[in-house]
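*Asks:* Here the numbering used here is used: the first residue of the sequence shown is 1083, the next is one more, and so on.
FYI, nobody ran anything at the bench for these hints, they're computed from the structure.
Being a predicted model, the structure only gives us computed values, none of them experimental.
Note that CB positions come from ideal geometry on N, CA and C, so glycine has one too.
Wrong hints could be hidden among the right ones.
[Said to hold, decoys possible] Here are the computed lysine to aspartate or glutamate pairs in the EDC-like style, where the Cα-Cα straight-line distance is at most 20 Å:
#	residue 1	residue 2
1	Lys-1137	Glu-1230
2	Lys-1137	Glu-1147
3	Lys-1137	Glu-1292
[Said to hold, decoys possible] Label-pair distances were calculated between CB atoms; the ranges are:
#	residue 1	residue 2	range
4	Cys-1270	Arg-1200	38 to 46 Å
5	His-1198	Phe-1170	24 to 32 Å
6	Cys-1182	Asn-1299	13 to 21 Å
7	Ile-1142	Val-1258	24 to 32 Å
8	Arg-1200	Gln-1303	23 to 31 Å
9	Asn-1285	Val-1149	37 to 45 Å
10	Ser-1095	Ser-1145	26 to 34 Å
11	Ser-1110	Phe-1277	12 to 20 Å
12	Leu-1153	Tyr-1269	39 to 47 Å
13	Arg-1200	Lys-1288	21 to 29 Å
14	Ser-1145	Leu-1286	38 to 46 Å
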Amino acid sequence: MYYFDIARLYTPSMCIYLHFTYNIAAISIPFSFATYTVYRFCFIIYYTKPFFKTKLWVFICISGEWVAVCLTSLPFVLRNGPYCGQPFWLRIYTCVLAVCLPVLINTSLNIIIFAHVRASTRRIQPQTSVSNATTGNQNRQPKINRREIALLKQMIFMCTIFIISWTPTFSIVIFVHLGYPYLNIFYCLVVWGEFIIVFIILNLFKCNHELVEYYRNIVRQYVFRA
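Based on the sequences and whatever the hints tell you, model everything.
*Replies:* Encoded structure:
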């Protein structure tokens, strides 16, 4: 099919789900960055709690993200008509969910994480002559290696470039509703934002050394067999 049947696509029942899907697509990546920050926050701050080191906690974070994405997109389904038009307040609502809320969550939690890590590294270590009880408290200090800090910085970097690249797009959507002719700029920014998403995916692949090594082994085995 080389074209969309506009008469069937833009019916009131279909428009509801189109706008619902649009909002999910717009906020899923920012919410994933916020979810990762929440995961690392609990993992680092509450390091004495074994629960935050389990696969169940990972599952709760991932499923909780998609539940939050679907619940926050419900206003597109539950609103009253016109269904094929996007009201001005829903455009602002999507912009807040995709930009403002993730920035607030990531900034506040990452500040707490880095402040906690800095305080932990600057904490004066007890001398070897202290009691066993004090030594036991020392052993319970958080051990955060450089790899975890580097990964956290990478996630902050990718979240920042995503927000910077897509904020003008969501902003222009609001201005277009007000009557400003920015459609050509909007299309260019969407293409630029898609390139940024591809860059983020490639960067995630590069940071996952185990996955890179796995595919390298597959390629080597294929080359040697050939």
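*Asks:* Does 21 to 29 Å hold as the CB distance between Arg-1200 and Lys-1288, or does it fail?
*Replies:* holds (27 Å)
*Asks:* May I ask you to test the hint 26 to 34 Å on the CB atoms belonging to Ser-1095 and Ser-1145?
*Replies:* holds (28 Å)
*Asks:* Given the proposed pairing of Lys-1137 with Glu-1292, does the C-alpha separation stay at or below 20 Å?
*Replies:* holds (18 Å)
*Asks:* Using the beta carbons of Cys-1182 and Asn-1299, state whether their distance is inside 13 to 21 Å or not.
*Replies:* Violated: the Cβ-Cβ distance is about 43 Å, outside 13 to 21 Å.
*Asks:* Taking the CB of Cys-1270 and the CB of Arg-1200, does the distance hold inside 38 to 46 Å?
*Replies:* Hint holds: Cβ distance 41 Å, inside 38 to 46 Å.
*Asks:* For the pair we were handed, Lys-1137 and Glu-1147, check the Cα-Cα distance against 20 Å.
*Replies:* Given pair Lys-1137, Glu-1147 holds - Cα atoms ~15 Å apart, limit 20 Å.
*Asks:* Verify the CB-CB distance for Leu-1153 and Tyr-1269 against the hinted window 39 to 47 Å.
*Replies:* At roughly 31 Å between Cβ atoms, Tyr-1269 and Leu-1153 fall outside 39 to 47 Å, so the hint is violated.
*Asks:* Is it true that the C-beta distance of Arg-1200 to Gln-1303 lies inside 23 to 31 Å, as the hint says?
*Replies:* Because 45 Å falls outside the window, the suggested range is violated.
*Asks:* Cβ-Cβ distance between His-1198 and Phe-1170: within 24 to 32 Å?
*Replies:* Violated, at about 41 Å.
*Asks:* 24 to 32 Å was suggested as the range; check whether the CB atoms of Ile-1142 and Val-1258 agree with it.
*Replies:* violated (39 Å)
*Asks:* Could you check the hint for me, namely that Ser-1110 and Phe-1277 are 12 to 20 Å apart, CB to CB?
*Replies:* holds (18 Å)
*Asks:* For the pair supplied as a hint, Lys-1137 and Glu-1230, confirm whether the alpha-carbon distance does not exceed 20 Å.
*Replies:* Judged against 20 Å, a Cα distance of about 17 Å means the pair holds.
Checked against the numbered hints given earlier, the structure breaks hints 5, 6, 7, 8, 9, 12, 14 and satisfies all the rest.
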